[in-house]
Amino acid sequence: MSELLEIKTLTVRYRTKDGFVTALDSVSLGIGENEMLALVGESGCGKTTLGLSIVSLLPPASSEVVNGSVTYKGTNLLMLEEKRKKAYRGTEIAMIFQEPLTCLNPVYRVGDQMAEAIMVKRARKEGRGQMHGTVMQRVYDRRAPVDTRFLRRGHGLPAQLRDEIVEWLTLVRIGDPEQVLNRYPFELSGGMTQRVMIAMALSEEPSLLIADEPTTALDVTTQAQVLKLMAELMKRVNTSILLITHDLAVASQVADRVMVMYAGELAEVGEVHQLFAEPLHPYTKGLLGCVPTGTKDDSELAPIPGSIPDLRQLPLGCNFAPRCPYVFERCRSDRPHLFPREGGREVACFLYDE
Amino acid sequence: MRSVLAIMGRNREAKIGAVIVAVFLLTAIVVGIATALGITVTPYGPVQTDTGPKLAPPSLSHLFGTDLLGRDVFSRIIVATPNDVSVGVGVVAFALVVGLIIGSIAALKGGLLDELLMRFTDVVFALPALVIAMVIAVALGPGVTNMMIALMIIWWPPHARLARGEALKVSHQNYIRSARLAGMGTWKIIFRHVIPNIFVIMLVYATLDVGTVILVYAGLSYLGLSVKPPAPDWGEMVSAFQDYLITAPWLPIVPGLIISIGVIGFSLLGDGIRDALEAG
Amino acid sequence: MRASSMMSDSPLLRTVDLRKYFPVRKGLSLLSKTAQKYVRAVDGISITIPEGKTLGVVGESGCGKTTLALTIAMLTPPTGGEVYFDGKRIDSGRVDHKSVYREMQVVFQDPDSSLDPHMTIGESIGEPLSGLLGYGGAEVRTALEESLVAVGMPVGFANRLPRQLSGGQKQRAAIARAISLHPKLVILDEPTSALDASVQAQILKLLVELQRKFQLSYLLITHNIAVAKYLSDTLAVMYAGKIVERGPTLSVIQRPRHPYTIALINSAPVPDPWKRNLLQMEIRGEVPSAINPPPGCRFNPRCPYAEGVCSVEDPPLLEIEASREVACHFVDKTAVQVKSE
Chain D
1 MSELLEIKTL
11 TVRYRTKDGF
21 VTALDSVSLG
31 IGENEMLALV
41 GESGCGKTTL
51 GLSIVSLLPP
61 ASSEVVNGSV
71 TYKGTNLLML
81 EEKRKKAYRG
91 TEIAMIFQEP
101 LTCLNPVYRV
111 GDQMAEAIMV
121 KRARKEGRGQ
131 MHGTVMQRVY
141 DRRAPVDTRF
151 LRRGHGLPAQ
161 LRDEIVEWLT
171 LVRIGDPEQV
181 LNRYPFELSG
191 GMTQRVMIAM
201 ALSEEPSLLI
211 ADEPTTALDV
221 TTQAQVLKLM
231 AELMKRVNTS
241 ILLITHDLAV
251 ASQVADRVMV
261 MYAGELAEVG
271 EVHQLFAEPL
281 HPYTKGLLGC
291 VPTGTKDDSE
301 LAPIPGSIPD
311 LRQLPLGCNF
321 APRCPYVFER
331 CRSDRPHLFP
341 REGGREVACF
351 LYDE
Chain X
1 MRSVLAIMGR
11 NREAKIGAVI
21 VAVFLLTAIV
31 VGIATALGIT
41 VTPYGPVQTD
51 TGPKLAPPSL
61 SHLFGTDLLG
71 RDVFSRIIVA
81 TPNDVSVGVG
91 VVAFALVVGL
101 IIGSIAALKG
111 GLLDELLMRF
121 TDVVFALPAL
131 VIAMVIAVAL
141 GPGVTNMMIA
151 LMIIWWPPHA
161 RLARGEALKV
171 SHQNYIRSAR
181 LAGMGTWKII
191 FRHVIPNIFV
201 IMLVYATLDV
211 GTVILVYAGL
221 SYLGLSVKPP
231 APDWGEMVSA
241 FQDYLITAPW
251 LPIVPGLIIS
261 IGVIGFSLLG
271 DGIRDALEAG
Chain R
1 MRASSMMSDS
11 PLLRTVDLRK
21 YFPVRKGLSL
31 LSKTAQKYVR
41 AVDGISITIP
51 EGKTLGVVGE
61 SGCGKTTLAL
71 TIAMLTPPTG
81 GEVYFDGKRI
91 DSGRVDHKSV
101 YREMQVVFQD
111 PDSSLDPHMT
121 IGESIGEPLS
131 GLLGYGGAEV
141 RTALEESLVA
151 VGMPVGFANR
161 LPRQLSGGQK
171 QRAAIARAIS
181 LHPKLVILDE
191 PTSALDASVQ
201 AQILKLLVEL
211 QRKFQLSYLL
221 ITHNIAVAKY
231 LSDTLAVMYA
241 GKIVERGPTL
251 SVIQRPRHPY
261 TIALINSAPV
271 PDPWKRNLLQ
281 MEIRGEVPSA
291 INPPPGCRFN
301 PRCPYAEGVC
311 SVEDPPLLEI
321 EASREVACHF
331 VDKTAVQVKS
341 E
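Chains as they are written, first to last, in the working numbering: chain D, 1 to 354; chain X, 1 to 280; chain R, 1 to 341.
Some hints here could point you the wrong way.
Per label pair, the in silico range of CB-to-CB distance [what the hints assert, rightly or not]:
| # | chain 1 | residue 1 | chain 2 | residue 2 | range |
| --- | --- | --- | --- | --- | --- |
| 1 | D | PRO158 | R | GLY285 | 42 to 52 angstroms |
| 2 | D | TYR184 | R | GLY285 | 19 to 29 angstroms |
| 3 | D | PRO322 | R | ASP314 | 53 to 63 angstroms |
| 4 | D | PHE328 | R | GLY136 | 12 to 22 angstroms |
| 5 | X | ASP122 | D | ARG84 | 49 to 59 angstroms |
| 6 | R | GLY285 | D | PHE20 | 40 to 50 angstroms |
| 7 | R | ILE291 | D | GLY175 | 19 to 29 angstroms |
| 8 | X | LEU127 | R | ASP314 | 52 to 62 angstroms |
| 9 | X | VAL138 | D | GLU99 | 57 to 67 angstroms |
| 10 | R | ILE291 | X | GLY165 | 19 to 29 angstroms |
| 11 | D | LEU101 | R | PRO248 | 30 to 40 angstroms |
| 12 | R | GLU321 | D | ASP310 | 51 to 61 angstroms |
Using 20 angstroms as the maximum straight-line C-alpha spacing, the simulated PhoX-like pairs for lysine-lysine come out as follows [to be verified]:
| # | chain 1 | residue 1 | chain 2 | residue 2 |
| --- | --- | --- | --- | --- |
| 13 | D | LYS285 | R | LYS205 |
| 14 | X | LYS188 | R | LYS98 |
| 15 | D | LYS85 | D | LYS8 |
Bear in mind the hints are in silico, worked out from the structure with no lab data behind them.
Don't be surprised by glycine CBs; every beta carbon is placed ideally from N, CA and C.
So that you can see chain D by itself, here it is in the shape it has in the complex (with noise of 0.2 angstroms):
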């Protein structure tokens, strides 16, 4: 299977005032075409900070690639100037956030806001070879190819604009999608605007969606159904899906792939069903030990002692070597990679080390 996106040996630290910290500590990992890769981790694990340094939205004046690339269909994204990064950003790779209602503009209305979204996506395909023109003065020059005066107010949306965005609508399971074009975000629901948002980020059919905590702020129900939808979509539209989420559960409902982070690094990926029935990294084992299954009289919960480091003082060796339970000598001097494992699976730990 040819690797949709291949992330080799990335490391990216922010600047504090107590120095700097490094949130992701060479970082390498691959999604294929037509997958659902999850990326579980605790906070401060570093998960988000991969998800933004994809579509490098990383806060430029704190945050600092120190090394590795993110190399998407061959090309070394890091590597584009930022006008040639842009042309990825929604197009190719497309992503959505935690909290969606903070994603919307509280003062137009969800079509019109969808409608940019589809304008400036266009120009931005239109416009990847050429530099001349930013892509909003393309967007809403009179001269545009697309009639794009709707943008200006008291003017209504063009008919097959229109309909696209009634189709979107649609496909994301909203109910009376022309009701919902001329509302505003706050009249929507936490659930319907996150669908709003799939539907705005699969509009021009991205190859990767990477969604950073989609549900978390949604209800136990709002958040099955959109999962589902997700899932669907994502044979619907040929993309695949990086879903970064701290629930494991969540990913073992599903996502094809798994991938565990520990204090900015991988500490194990596996096929889904292979990583639940044998988990290999004691920080896997640990975090399946910590989700209550059974009631208080039937089970143990059997917590991780110890708490998650603090990333600037990172110990010497394995950063989980202070809580695993099978530590010996060399965890605490030497810093484990991941070693490859039959059947894709691979394991940052010196248990694995043939």
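We have chain D already, so just place chains X and R on it with the hints.
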């Protein structure tokens, strides 16, 4: 607190502001004590005439020159410092305390009391500073203290509004509920939990506000509602010497400049505290 | 040591048809002719909690569960109904709050807002000790140390400020404050929702230990089925201000009978890729707004089994078998929906 000071230490504007404010405060205190004790700390007495040639430009012996009666402008400026500074700090301190109390009670008690307090605040807020000052000047006579009283009467509403807004935010925090669950009454909650948590924001606003009060007071004294000559006062000096702008420019410019520096100093300090809070 | 409650077979906490309505603000209220609308956050809830047991109340956002907790804790006055705690009525305005709070405490969801940022956690934990028990300095210190040890925190942490602690540590401090007076009932409002998985496990285990050690009763409010299953003895499912199903935890989870409960349990992700129920369940619509609900069953618009009477009459909560209650006109239809474990 320590981290706030540390961050401010790196902010150049904040340091400048702090220095200016310190100089003004120190001068005001020193002059105040000296006047009470009857000592003169300035090169010449503030009302002493013929200290040198009349209308002399700034020189080594007369740093800011002399006025038409031969009085040393520098000495007069120094001696006038407690007026503006005390009014500025005094009015704002009063507004801060009154605002804190009224705002906190309104936010925590809510209901009818909240409505009454806020409508009362609105009414006072509508009173124009100038008119009140003139009424006081007529009723109690002109002077620094009376102008301070006039401003105190009408200056607190924005502080009360700010306090109420911040107190409302705090009141929804779970530690306030926990305090109730610990048996604390509303008053105790206000003093132990609300005020300490809104105090710093109020302080920032207050510091920024001192500059505005100084300006308003200078305006009132410019209009002659404060001290009467020969007592020195910055605003009054600007008014008295505005005709000399061409012939002896230092006379109206210097007091005006001093007022501006004072206002800028407090503003920079207030900005510095606020930036430090946002960063920290 | 406390004396146990006089009548050992009467529950520690009992509510009878408890209601809490919030008036919706009308714009120009004096000029408007429309009737006052209410958000019926808690609309006739009757629950009981025996000593030493946990009642879990599960529901999604807007169902009223947090309002229920706040009303029981006397932090907001009820609109109707009765609340009995330890045999005495506590819902009227003339109750001695302090005496109730000596036996009833609350742990809130957000560890960041539970502790005053300007006070050390020792001072925060000591607040109920001095406020409700009148303890002086030395007594406070002893009790404080005892509770810190009980929640597994180093005693030296008493001098720390909240911002020097992690989320899990802050939540432990909040728990320490709640149990420091050895209350009989602790209301837990989403105690672990804001925490990481490994920390959540630690706190859950701690809560079970504390319950066994101090014979605490818990009222657990949560949207997380797995947490509710782990901690609760009895489970009540809440929807739009009402309880739609109730029974022993395992019974409700393994054999849910109300259509909403079925949907809720099927939506809850389990860490098992061979049981992908998430992708199979079907539920339409969104959680409803609680303002002036339409007549009939609140779940009716989304229910796959709804028929005529469902939009006319609100089904009462009835016992369908021993200690199992369901509020549904067509509960027979769900008899075959058994969720295998």
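Worksheet item: Can the restraint linking LYS285 of chain D and LYS205 of chain R be considered satisfied, given a maximum Cα separation of 20 angstroms?
Response: 18 angstroms, holds
Discussion item. Range first: 53 to 63 angstroms. Now tell me if the beta carbons of PRO322 of chain D and ASP314 of chain R are that far apart.
Written reply: Roughly 56 angstroms apart at Cβ, these two residues keep to the hinted range, so it holds.
Worksheet entry | Distance restraint evaluation - PRO158 of chain D, GLY285 of chain R, Cβ atoms, bounds 42 to 52 angstroms | 32 angstroms, violated
Worksheet item: Does the Cβ-Cβ separation between LEU127 of chain X and ASP314 of chain R fall within 52 to 62 angstroms?
Response: For ASP314 of chain R against LEU127 of chain X, whose Cβ atoms are near 56 angstroms apart, the range 52 to 62 angstroms holds.
Practice prompt. Can you let me know if the beta-carbon spacing of GLU321 of chain R and ASP310 of chain D is within 51 to 61 angstroms?
Written response: Distance hint for GLU321 of chain R, ASP310 of chain D holds at roughly 53 angstroms.
Worksheet item: Quick one: are VAL138 of chain X and GLU99 of chain D within 57 to 67 angstroms, going by C-beta?
Response: Taking Cβ atoms as reference, VAL138 of chain X and GLU99 of chain D lie about 59 angstroms apart, which means the hint holds.
Worksheet item: If you check the beta carbons of ASP122 of chain X and ARG84 of chain D, does the distance land in 49 to 59 angstroms?
Response: 57 angstroms, holds
Practice prompt. Starting from the range 12 to 22 angstroms, see whether the pair PHE328 of chain D and GLY136 of chain R falls in it by beta-carbon distance.
Written response: 52 angstroms, violated
Worksheet item: If you draw a straight line from the CA of LYS188 of chain X to the CA of LYS98 of chain R, is it 20 angstroms or shorter?
Response: 15 angstroms, holds
Worksheet entry | Hint check for PHE20 of chain D and GLY285 of chain R - Cβ pair distance inside 40 to 50 angstroms | 49 angstroms, holds
Worksheet item: Does the Cβ distance between ILE291 of chain R and GLY165 of chain X fall inside 19 to 29 angstroms?
Response: 27 angstroms Cβ-Cβ, so the 19 to 29 angstroms window holds.
Item to complete: Given the range 30 to 40 angstroms, decide if the beta-carbon distance of LEU101 of chain D to PRO248 of chain R lies inside it.
Response: 39 angstroms, holds
Checked against the numbered hints above, the structure violates hints 1, 4; every other hint is satisfied.
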